[in-house]
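For the record, the sequence lines run as chains A and B. Start counting the first sequence at 1; every next residue gets the next number (the numbering used here). Start counting the second sequence at 1; every next residue gets the next number (the numbering used here).
It is worth saying that the hints were derived from the structure and are not from the lab. What you are looking at is a predicted structure, and each value in this text was computed from that prediction instead of being measured. Watch out, some of these pointers could steer you wrong.
Unchecked claim - Listed next, the in silico DMTMM-like pairs over lysine to aspartate or glutamate satisfying Cα-Cα at most 20 Å (straight line): (1) A:136 with A:124; (2) B:104 with A:97; (3) A:289 with A:180; (4) A:98 with A:131; (5) A:64 with A:97; (6) B:104 with A:131; (7) A:22 with B:106; (8) A:98 with A:210; (9) B:78 with B:37; (10) A:63 with A:27; (11) B:78 with A:33; (12) A:289 with A:274.
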Amino acid sequence: MTGAILFHELTARQRIAAIADKGSFDELLPPPERITSPYLAQLGIPVSFDDGIVIGHARIGGKKVYLAAQVGPFVGGAVGEIHGAKLTGLFKAAARDKIPCVLIVESGGVRLHEGSSGEIAIAETMRAIFECRALKVPTIAVIATDIGAYGGIGILSTCCDFRVMTEHGRLGISGPIVIEKWMGKKAYDSANRALVWKTSGGKTKYLLGDADALVHDTADAVRDGISRFLGKSSAVSLTAVKARQKELEKRLKKFGAATDPDAVWNGMGVRNIEAASLASGPEFVALAKRGK
Amino acid sequence: MEKFTKAFPSKPLPSKTASPWALAGVVGSGNLEVLLERGGRPATAMECHVETSIPGYKAAWLAALADFAHHYPAGGTKVTINDQGAPPVLVTLRLRQAYDHLIKGDK
Numbered sequence: 001m002t003g004a005i006l007f008h009e010l011t012a013r014q015r016i017a018a019i020a021d022k023g024s025f026d027e028l029l030p031p032p033e034r035i036t037s038p039y040l041a042q043l044g045i046p047v048s049f050d051d052g053i054v055i056g057h058a059r060i061g062g063k064k065v066y067l068a069a070q071v072g073p074f075v076g077g078a079v080g081e082i083h084g085a086k087l088t089g090l091f092k093a094a095a096r097d098k099i100p101c102v103l104i105v106e107s108g109g110v111r112l113h114e115g116s117s118g119e120i121a122i123a124e125t126m127r128a129i130f131e132c133r134a135l136k137v138p139t140i141a142v143i144a145t146d147i148g149a150y151g152g153i154g155i156l157s158t159c160c161d162f163r164v165m166t167e168h169g170r171l172g173i174s175g176p177i178v179i180e181k182w183m184g185k186k187a188y189d190s191a192n193r194a195l196v197w198k199t200s201g202g203k204t205k206y207l208l209g210d211a212d213a214l215v216h217d218t219a220d221a222v223r224d225g226i227s228r229f230l231g232k233s234s235a236v237s238l239t240a241v242k243a244r245q246k247e248l249e250k251r252l253k254k255f256g257a258a259t260d261p262d263a264v265w266n267g268m269g270v271r272n273i274e275a276a277s278l279a280s281g282p283e284f285v286a287l288a289k290r291g292k
Numbered sequence: 001m002e003k004f005t006k007a008f009p010s011k012p013l014p015s016k017t018a019s020p021w022a023l024a025g026v027v028g029s030g031n032l033e034v035l036l037e038r039g040g041r042p043a044t045a046m047e048c049h050v051e052t053s054i055p056g057y058k059a060a061w062l063a064a065l066a067d068f069a070h071h072y073p074a075g076g077t078k079v080t081i082n083d084q085g086a087p088p089v090l091v092t093l094r095l096r097q098a099y100d101h102l103i104k105g106d107k
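In isolation and in its complexed conformation, chain A is listed as follows:
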């Protein structure tokens, strides 16, 4: 794959074009419809024709999917009223038509300029995601850029059946700067990229089971990663939720006092930290021998 443009370097529309079957993507509410944020306009902030999210339907390996990609460079991919409504509508359509829904995430969470509507939109989208899961309609989040999935979108991503990540992707609730602000630079230095990625990056999230696949940073690898889950779904049951809670309690007990992320890698079965740091995607997975 040398010479190819990496997945995280593509624009949202290019990402969609690169993972969908050629020419199969049909955009809903495309830029010429000019459905833009009324709040940003009131605040004198420039709007975007798609409000920072591209939605539509396409085929992946011949299978019909609903597909969305967030536009990170526009206010950090943050969710406002319109952006959120597009997201909610897409997952609702997925539930209605029983077609899998794939979200290519790139968002820091709710857009503060329209906070309440953003929060409500994210809550409504989560509800739509759980509707999909109850109907066994697969929902997949792809987290593959350094903006990653944070705040409400971090939570929303973990509501989906599956998460496909690359080592570039990051997943969390509070972002590194927020953590530093509350806990102090000594506890968490947000400028320390190695620390940030070792705590919230794709590799660590894969080890902890928060990501279901860790793939190379190319469109082909991301598409293959998505394809693995298009025919699957994971039901939300009381037993499953209770088991997950147990797992998280165990994780907290095991790593709650750890000050070095390497201890977490070690505890999750990584023996050669240095080699694993340099490995990517499936090579990392092979080295990691996903611990219990």
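Based on these hints, arrange chain B on the given structure of chain A.
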């Protein structure tokens, strides 16, 4: 915010384009997005709508847009721009990218 609209004389667009619209760029700091669409009136002018977060540079905008309309057959198109402080050279680049996508496809 500053907002203005102006049409610039331009040779008519080729009768066939790969798609009815094209988008280039993104609304981010020092960047802009250009939406170029077929169906502007008349066929001998490029109709421009600009919204920018940086007021006071209308003369530079008009010069960049007039220059593009002069060098490219873009008559009968509608250009809509959301800008967040892009330098003039980037305005020209985005216009060219959008034009290229409109003619040849591949958004």
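Going down the list of hints, with the structure as the test:
| no. | hint | in the structure |
| --- | --- | --- |
| 1 | A:136 with A:124 | holds, 18 Å |
| 2 | B:104 with A:97 | violated, 34 Å |
| 3 | A:289 with A:180 | violated, 32 Å |
| 4 | A:98 with A:131 | holds, 10 Å |
| 5 | A:64 with A:97 | holds, 10 Å |
| 6 | B:104 with A:131 | violated, 41 Å |
| 7 | A:22 with B:106 | holds, 11 Å |
| 8 | A:98 with A:210 | violated, 25 Å |
| 9 | B:78 with B:37 | holds, 5 Å |
| 10 | A:63 with A:27 | holds, 17 Å |
| 11 | B:78 with A:33 | holds, 14 Å |
| 12 | A:289 with A:274 | holds, 15 Å |
Figure legend: structure checked against the earlier numbered hints; hints not met, in rising order: 2, 3, 6, 8.
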